[in-house]
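**Student:** At position 144 of the sequence shown the residue is numbered 806 (this note's numbering), and the sequence of numbers has no breaks.
Rather than coming from a laboratory, the hints here were simulated on the basis of the structure. Be careful, since some hints might not be right.
List time: in silico DSS-like cross-link candidates among lysine-lysine, alpha-carbon distance up to 30 angstroms [claimed, not checked]:
id	residue 1	residue 2
1	Lys793	Lys817
2	Lys831	Lys783
3	Lys706	Lys852
4	Lys783	Lys715
5	Lys793	Lys783
Since the model is a prediction, treat every value here as computed from it, not as a measurement.
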Amino acid sequence: SRDGWGEPGSEDVPEQYWLQVQHYLYVSGRDFADLAVMFLSDPKPEVTIYTMKPATEYPELVGELNEWWARHVIEGVEPSPYSTSEAAERWRQSRQGSRVDATPAVLESIRQLAAVRSQLKALEQEEEHLKLAVQLHMQDGEQLMDGDSVLATWKSSSSSRVDLGELRKRYPEQAAECTVASVSRRFLLKGQK
């Protein structure tokens with residue numbers, strides 16, 4: 663997942679990788695390090711390079727790096743997930759019927775998350791309203807222009823998909839053989855409108 667990763671060539675990488683590279687820079691005495699990352703989430707794998715220089719505050723980081731090394735390398739404790747996709751990957755399966763008590767910090771996160779979702783909903787409604795105004799103007803046109811500048815496009819596209827219901831009806835055995843079960847988790851806020 664690209665969550666937590668910045669623009670290619672930047673030093674904007676998740677903290678756990680940044681700390682590791684800073685350690686390598688410190689012990690090797692190098693001026694820079696390139697970190698190659700392969701993202702597999704795209705239809706085609708893509709390698710992105712991040713370039714990092716030694717942190718000026720490295721001497722203050724030594725204690726934090728030593729703690730990180732002891733905990734995650736020597737003791738073998740996985741670092742905390744840095745994105746929701748990584749959390750979903752780590753805890754793919756829930757323990758049926760299990761409950762977890764919220765801490766004050768988590769209660770505040772829930773409150774803020776509900777507020778953000780409310781704002782997003784209002785913004786999505788406004789986006790839909792504005793998009794409709796533009797589409798009413800474009801009608802069946804493909805490009806909206808301002809002189810020589812293309813402001814928006816609204817083109818027809820076709821796609822094909824497999825009708826799973828029909829496939830299961832006509833070829834139940836083959837459909838069953840090709841069906842793969844998967845487990846996923848849905849995160850829902852309760853009591854929010």
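**Student:** Are the Cα atoms of Lys706 and Lys852 separated by 30 angstroms or less?
**Tutor:** Cα-Cα ~37 angstroms, so violated.
**Student:** CA of Lys831 to CA of Lys783, is that 30 angstroms or under?
**Tutor:** At roughly 39 angstroms apart (the allowed maximum being 30 angstroms), Lys783 and Lys831 break the hint.
**Student:** Are the Cα positions of Lys783 and Lys715 separated by 30 angstroms at most?
**Tutor:** violated (41 angstroms)
**Student:** Holds or violated: are the alpha carbons of Lys793 and Lys783 at most 30 angstroms from each other?
**Tutor:** Cα-Cα ~15 angstroms, so holds.
**Student:** Has the given pair, Lys793 with Lys817, been kept, meaning a C-alpha gap of at most 30 angstroms?
**Tutor:** holds (14 angstroms)
Violated hints, in rising order: 2, 3, 4; the structure is consistent with all others.
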